[in-house]
Structures are given as C-alpha cells and as structure tokens.
Amino acid sequence: MKKAYIRPLDLRHGSVDLSHGGGGRAMAQLIADVFGRAFDNEWLRRGDDGAVLPAPAPGERLVVATDAHVVSPLFFPGGDIGCLAVHGTINDVAVMGARPLYLAAAFIIEEGFPLADLVRLVASMAAAAREAGVPVVTGDTKVVEKGKGDGLFIATTGVGALPAGCELSGAAARPGDAVIVSGTVGDHGMAIMAQRENLAFDAAIRSDTAALHGLAAVAVAAAPGLRLLRDPTRGGLAATLNEIAQQSAVGIVLDEAAIPVDPQVAAACEFLGLDPLNIANEGKLIAVCPAAEAEALVAALRGHPLGRRAARIGEVIADAHRFVQMKTAFGGRRMVDWLAGEQLPRIC
Amino acid sequence: MKYVDEFRDGAIARGLAAAIAREVEPGRRYAFMEFCGGHTHAISRYGVADLLPPAVRMVHGPGCPVCVLPIGRIDQAIRLALDAGATVCTYGDTLRVPASGGLSMLRARARGADIRMIYSAADALALARQAPQRQVVFFAIGFETTTPPTALVIREAARLGLTNFSVLCCHVLTPAAITAILESPEVRELGSVPLDGFIGPAHVSTVIGSRPYAHFAEEYRKPVVIAGFEPLDVMQAVRMLVRQVNEGRAEVENEFTRAVTADGNLKAQARVSEVFELRREFEWRGLGLVPYSALRIRAPFAAFDAEARFGLDYRPVPDHPSCECGAILRGVRSPVDCKLFGTVCTPETPMGSCMVSSEGACAAHYTYGRFRDIPLTAAP
Numbered sequence: 001m002k003k004a005y006i007r008p009l010d011l012r013h014g015s016v017d018l019s020h021g022g023g024g025r026a027m028a029q030l031i032a033d034v035f036g037r038a039f040d041n042e043w044l045r046r047g048d049d050g051a052v053l054p055a056p057a058p059g060e061r062l063v064v065a066t067d068a069h070v071v072s073p074l075f076f077p078g079g080d081i082g083c084l085a086v087h088g089t090i091n092d093v094a095v096m097g098a099r100p101l102y103l104a105a106a107f108i109i110e111e112g113f114p115l116a117d118l119v120r121l122v123a124s125m126a127a128a129a130r131e132a133g134v135p136v137v138t139g140d141t142k143v144v145e146k147g148k149g150d151g152l153f154i155a156t157t158g159v160g161a162l163p164a165g166c167e168l169s170g171a172a173a174r175p176g177d178a179v180i181v182s183g184t185v186g187d188h189g190m191a192i193m194a195q196r197e198n199l200a201f202d203a204a205i206r207s208d209t210a211a212l213h214g215l216a217a218v219a220v221a222a223a224p225g226l227r228l229l230r231d232p233t234r235g236g237l238a239a240t241l242n243e244i245a246q247q248s249a250v251g252i253v254l255d256e257a258a259i260p261v262d263p264q265v266a267a268a269c270e271f272l273g274l275d276p277l278n279i280a281n282e283g284k285l286i287a288v289c290p291a292a293e294a295e296a297l298v299a300a301l302r303g304h305p306l307g308r309r310a311a312r313i314g315e316v317i318a319d320a321h322r323f324v325q326m327k328t329a330f331g332g333r334r335m336v337d338w339l340a341g342e343q344l345p346r347i348c
Numbered sequence: 001m002k003y004v005d006e007f008r009d010g011a012i013a014r015g016l017a018a019a020i021a022r023e024v025e026p027g028r029r030y031a032f033m034e035f036c037g038g039h040t041h042a043i044s045r046y047g048v049a050d051l052l053p054p055a056v057r058m059v060h061g062p063g064c065p066v067c068v069l070p071i072g073r074i075d076q077a078i079r080l081a082l083d084a085g086a087t088v089c090t091y092g093d094t095l096r097v098p099a100s101g102g103l104s105m106l107r108a109r110a111r112g113a114d115i116r117m118i119y120s121a122a123d124a125l126a127l128a129r130q131a132p133q134r135q136v137v138f139f140a141i142g143f144e145t146t147t148p149p150t151a152l153v154i155r156e157a158a159r160l161g162l163t164n165f166s167v168l169c170c171h172v173l174t175p176a177a178i179t180a181i182l183e184s185p186e187v188r189e190l191g192s193v194p195l196d197g198f199i200g201p202a203h204v205s206t207v208i209g210s211r212p213y214a215h216f217a218e219e220y221r222k223p224v225v226i227a228g229f230e231p232l233d234v235m236q237a238v239r240m241l242v243r244q245v246n247e248g249r250a251e252v253e254n255e256f257t258r259a260v261t262a263d264g265n266l267k268a269q270a271r272v273s274e275v276f277e278l279r280r281e282f283e284w285r286g287l288g289l290v291p292y293s294a295l296r297i298r299a300p301f302a303a304f305d306a307e308a309r310f311g312l313d314y315r316p317v318p319d320h321p322s323c324e325c326g327a328i329l330r331g332v333r334s335p336v337d338c339k340l341f342g343t344v345c346t347p348e349t350p351m352g353s354c355m356v357s358s359e360g361a362c363a364a365h366y367t368y369g370r371f372r373d374i375p376l377t378a379a380p
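Keeping their order, the protein sequence lines are chains A and B. Using our numbering, you'd call the opening residue of the first sequence number 1 and step up by one each time. Using our numbering, you'd call the opening residue of the second sequence number 1 and step up by one each time.
Hints listed in this document are in silico derivations from the structure and should not be mistaken for laboratory results. For clarity, every value in this text was computed on a predicted model and none was experimentally measured. Where is the CB? At the ideal position from N, CA and C, for every residue including glycine. Wrong hints could be hidden among the right ones.
Here are a few chain B residues that sit away from chain A, every Cβ distance over 12 Å (derived from the structure) [unchecked claim]:
no., residue
1, Lys-2
2, Leu-52
3, Gly-102
4, Leu-127
5, Arg-134
6, Ala-176
7, Pro-212
8, His-215
9, Glu-219
10, Gln-244
11, Asp-263
12, Glu-277
13, Arg-280
14, Leu-289
15, Ala-299
16, Arg-370
Taking CB as the label site, the calculated pair distances span [unchecked claim]:
no., chain 1, residue 1, chain 2, residue 2, range
17, A, Lys-146, B, Arg-315, 34 to 44 Å
18, A, His-321, B, Glu-23, 29 to 39 Å
19, A, His-321, B, Ala-55, 43 to 53 Å
20, B, Ala-122, A, Ala-171, 43 to 53 Å
21, A, Ala-318, B, Arg-249, 42 to 52 Å
22, A, His-321, B, Glu-189, 34 to 44 Å
23, B, Thr-163, A, His-13, 39 to 49 Å
24, A, His-321, B, Glu-183, 36 to 46 Å
25, B, Gly-101, A, Glu-131, 46 to 56 Å
26, B, Glu-274, A, Pro-263, 38 to 48 Å
27, A, Ala-299, B, Gly-112, 54 to 64 Å
Simulated pairs of lysine to aspartate or glutamate, EDC-like, Cα-Cα distance not exceeding 20 Å [claimed, not checked]:
no., chain 1, residue 1, chain 2, residue 2
28, A, Lys-142, A, Asp-49
29, A, Lys-142, A, Asp-117
30, A, Lys-327, B, Asp-50
31, A, Lys-327, B, Asp-5
32, B, Lys-2, A, Asp-275
33, A, Lys-148, A, Asp-17
34, B, Lys-2, A, Asp-262
35, A, Lys-327, B, Asp-9
Excised from the complex, chain A in its bound form:
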C-alpha cells in the first residue's frame, strides 16, 4: 500500500496556519509529526484525551504547579522558550520539596509561525524533559490568528510526589535563620535584555535556565531543618525575598557583598540602570534554614554542578513591618523593595 496518501508537513519551509488548530486532518498531522514524534512516550502513544497515571507511593502527597511562558525573544543565549517551559514548571514543583514526575503542556501558536522554529523549540523542550526524567504525558495545541499572539506561548503543568514529613513553606522562615542563594543572580533576565537591546559583550550573557530538582534534593538532604526553597524568577531575588518576608511575617537583612553577581551581568545592569536583585533567574534556588545548618547546606549546594557559587547572603530577623533590608557594600543600609511597575516585559 502507498504510504498514507498524505502530503508530509514541510518542516523546513512551511508555517503554521489556522487549519493546524482546526480539529481536522492538518491538526492531527501537526500533533503526530511535531509533538508526538518529539515527546514520544507510552501515555502520548495511546492518543487518549488524558493520561492515566499511577498513584504515588503510600504516604506521599501530590504537588501540582503550573506556569505560562510568554518570553520574547523565543530563542536566547543559554536556552529558548521550549526548555524554559520545562524547567520553570519542574522548578516550581521541586521547590516544594517534591520529586517532579509528569508534565502537561499547552501550545498557543500564532498563525504564520515557521514550522522549522516550532520543531526546534519542541525538540529543545523534549530534550529538557528527557534530561530531567520528567515526561510530557498530555498536551493541547491551539492556533490563533496572525496578530493575536506573539509567535508561541507555552503553558506547562507539573505533577510531583512529596515525601512524607517534607513541609517546606514560604511561611516557615524564623528570626535567626540563614538566607542562602545557590549562585549568581540576574543571569536569565539580563541574557534576554542583552539580546533584545543588542548589547554586545566579550562573551554573551547566558540564561541560567535549568531544572533544579536535583539541586533541591541536595538541599533537602543536607539541611534537615530546611524551612523553605524558592526559585527567584520574575522580580528576581528582591521580589522573592519580599514574598517570603510577607508570608513568614519576618524581616530579612541581606549582606550586599555576599550576593554573587556575574561581572558581565553587573556591568550590563550598570549600563542599563538596573539592579541585579530585581532581575529574573531561571536556574537558582533561595533556601532558608536554621543558622546552625547553613554551613553544611552551602557546602552541599557547592558540591552540585548547579550550585557551585552558592553563598549565605543574609539572615531573617524579627520585624513586624516585614521589610527586606540590605547592608550595602559601601557601608550603608537600604531597603530592597518590590519592583514598581515592570522592569523588563515578557521575560519568562
């Protein structure tokens, strides 16, 4: 028999059109040839509307997190929207202390989007999922009219299993606790900004986008009294620490000199008048733990490839106003506030 009587998709020069979201043959073909091929696994192969998953081990609880990705540009040094969509959601599950198990993904594609780019991005996403050991078990595709989207948006949802006894929470920080960051801050946001503004540096600033569940597991194992983990994405370190201060009803005092910042990121921030503490990260953890466990936690993080520049950057204090303050390297003090308005649009 002749193979299928179907004209294959032109994955080199073709582009997505409305028929690819229309529920007809074209849509089935796009799903099979682009998404099915890249993500291939037992759940997708069944072709059902949902994935049937095994129950977690006795005593374990489920953790669910979801994240929509709308970054512009879609490709940036160090990554792209595809791997970012995998890492972002895995990290949200991982900072709860859970072991990420499965992902679901929804794609909103703008009419006219080049199929070659779609294939590249989906391949990047599939590679990231495979590397993390977290399969994409179900998904959805929609196509919107030209001008109604910006190329491609990806929303992902992650499911993870939380071991019994693990109770990390943003509300758990206590006065006297140590604040730790797993590495340099501001890399992702500045990589995007540099790309957008055509800033040229000796070596391109690369996004730190990475799946952090391995590093999170190291942190959980190293500090039995670990209070919380967070990934400081949009709004950067400043926003995340302010969230923790609000949730836990405490203050935080940072030591500016201890906060790791890549020299190129620092230079780019200087040039653009930005503060690295406000800039997004996609591959960093913030940990809060009892002061007595801080040294062991920093050492353990440094032993992992994604935590080599981990540092203790501050402490939690009692403060009814829930202010985040910083001892400046210059010798003064200032607040580290939430960002007012947007600093960089569409960063993740």
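Given the coordinates of chain A, assemble chain B onto it according to the supplied hints.
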C-alpha cells in the same frame, strides 16, 4: 567593574566618613542640596546618609528630569497621541508621570495611543524614517545632558528633509533652576530653609562645564562642588563643602575632574545653540514659571517643532492640592512631610512626579529608605 568599583569601595568610604566627622565643627549644622536626581539615587541606593555625621543633612534638589515636568506638558504629549494620532516617543519614566484626567502616557497607551519608550533620540528619528506615513513626535525632556542628542536629530531630520518628524521640546536648564531656588522666599528669608552649599551636577557639567556655577558662588555666597554620581564622589564633595563652610569660602570646586572641565563640551554647546534658543519663561513643576529656564527650537528649524506643527497651546494644570512635590523640589519639605506619601501616593500609583522616577526624592525614599521612618519592632 573597572573604573566603577573603585568609586564604591566600602573601606575608602569609612575612611572618608571618619574624615568628614573630624572636620565637622562642634555645634554647627550643615545642609547641602544635591541638585541632581543622579546624586539623590546614589545617596539612597548606597546608604550614603548612614556614613555622614548627624550634623550634615542632605537636601534633595529638583534635578530629576521627569520630576520637574509640569502636568500641562504631559497633557500636550498625550493630546498629540490621542487626538492628533501621532506616534509619540519618549524616555522611560516619562510614561508613568500622572497627567490630567487620571491619565498618564502609559494609560493613554492602554486607550490606544501610539506611545513608545525609546532609549535614544536617534531611535525616534529612525522610527520616522521607517514609517513615512506616520507623524512621529519625540517628546524631548531633560537637562543639558539630553539636549545635544535632540539637537543632533533635529539637524539630521532637516538634512534628510523629513516631513513626518518633529520634537516637543521641554528641555530645561540647570543654572536657571538653581537661581530659582536661591531666589525663592524660603531660602532668601534666612533661616526658614538653611542651605549651605550645593553638590553640582555630574553629567550636566560635562556639557556646560564648571564656569556657569561661578555666579552662585559669588552672587549668593554659596559654595558649589561639582561631583560624579558614584557614592565616593558624593562623600568627597560633602567633605569639600564642609571645608568651604568652615573656612568661610564660597567657591566653585570640581570633584569630578575625571570628566568635567571649566569650559565643558564646546562642540555640544555649539550644536545646541545652533538649534535651540532660550524660552522667555517655562513652567516647572515645583518652581512655577522660571524666566529663561528652558529651550525652544529656533525659527530655521521650526518645521520640526511639534508645538508649531500641531498648533499646540499650553494649558497649565495645578498639582493635586495635597501634593507636596513643589515644596519637596525646592528643598522646603521632605517626602515624609507629605500627607500623601506612602498612603495614596506610592511608586505603583504616583500622585506627584517625585514618586515616579527612581531619581525622585519621594520614590528614592520610599524604595530605599522608608524603613528609617519606622522603628524596627518584633512581630507580636
């Protein structure tokens, strides 16, 4: 960062702080105005105030470009975009300054106005060349630092014979503003606002040089020290001002010798005077009508003057009655004296212009310093 970190060194700062503390005369108080928003920002961001002895008080001046922009000028830019359908380009923070009718340029954009944020005047010109069917207006704001680039794009537009590019010129002049402060009743009537000297602008002075400040030192007997925008520059300038006050001198001194000369940038000055001339008067937020304090486009370049091209008239609009931005810009009040500060006026919802830019006195205090106003207490 080379050539930057050297000027933020904590060890040198501690040494300088100790030197200032030694030189301050017992029982004497010193109030210095930093004119520029760049200095205000540096003082707040690095916590410079913590390193100065209690006898030295820094008064924030009006040198924040968006802070001194009156509501009427923002209204003009919004009218151009909403009513005349022009594409209006301007620098970042200008978009958030509150205007009449609950609008700002950002909110006008949400209503469909074509308003764009640009990083350089050249971006506006490039846009006009790319979109010949659109009228592109560059809403030009700022002190002497941002004026030469505007002059250059107007010359370039003239050379290219562009018919779809114009400039809404709101460029203002630093010396005129300092004069207005020194002539204000609060400062002249001795005692109500003590002002013992000025930290002179950094970037502005690279263009205009140190000479224009001689008048203030001589005529008003106020020392001026021109300083760079790094925190050590500010501290060194404070030390030089303390010395001048102690020795009864009132001179123009230059701390920022790595960038500022007596004459400034003559080439830039020539371009500016080729394209611009003095306005007889201009409304400043906080300072009111200040004579010969701003620039307008000269007649040979009138084709690129948005006020002429679109027949714009200027309608002054009073500030919110409780807003203290005016007094704050004159150094008469501090942000916490304002009833609106931190209650209805916050960086997310600014009522007055000083809350908009991070160089504004209110935004700088809110973002970096408000913990000082409230004693630290443990959670109950």
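Q. Which earlier hints can't be squared with this structure?
A. 1, 2, 16, 19
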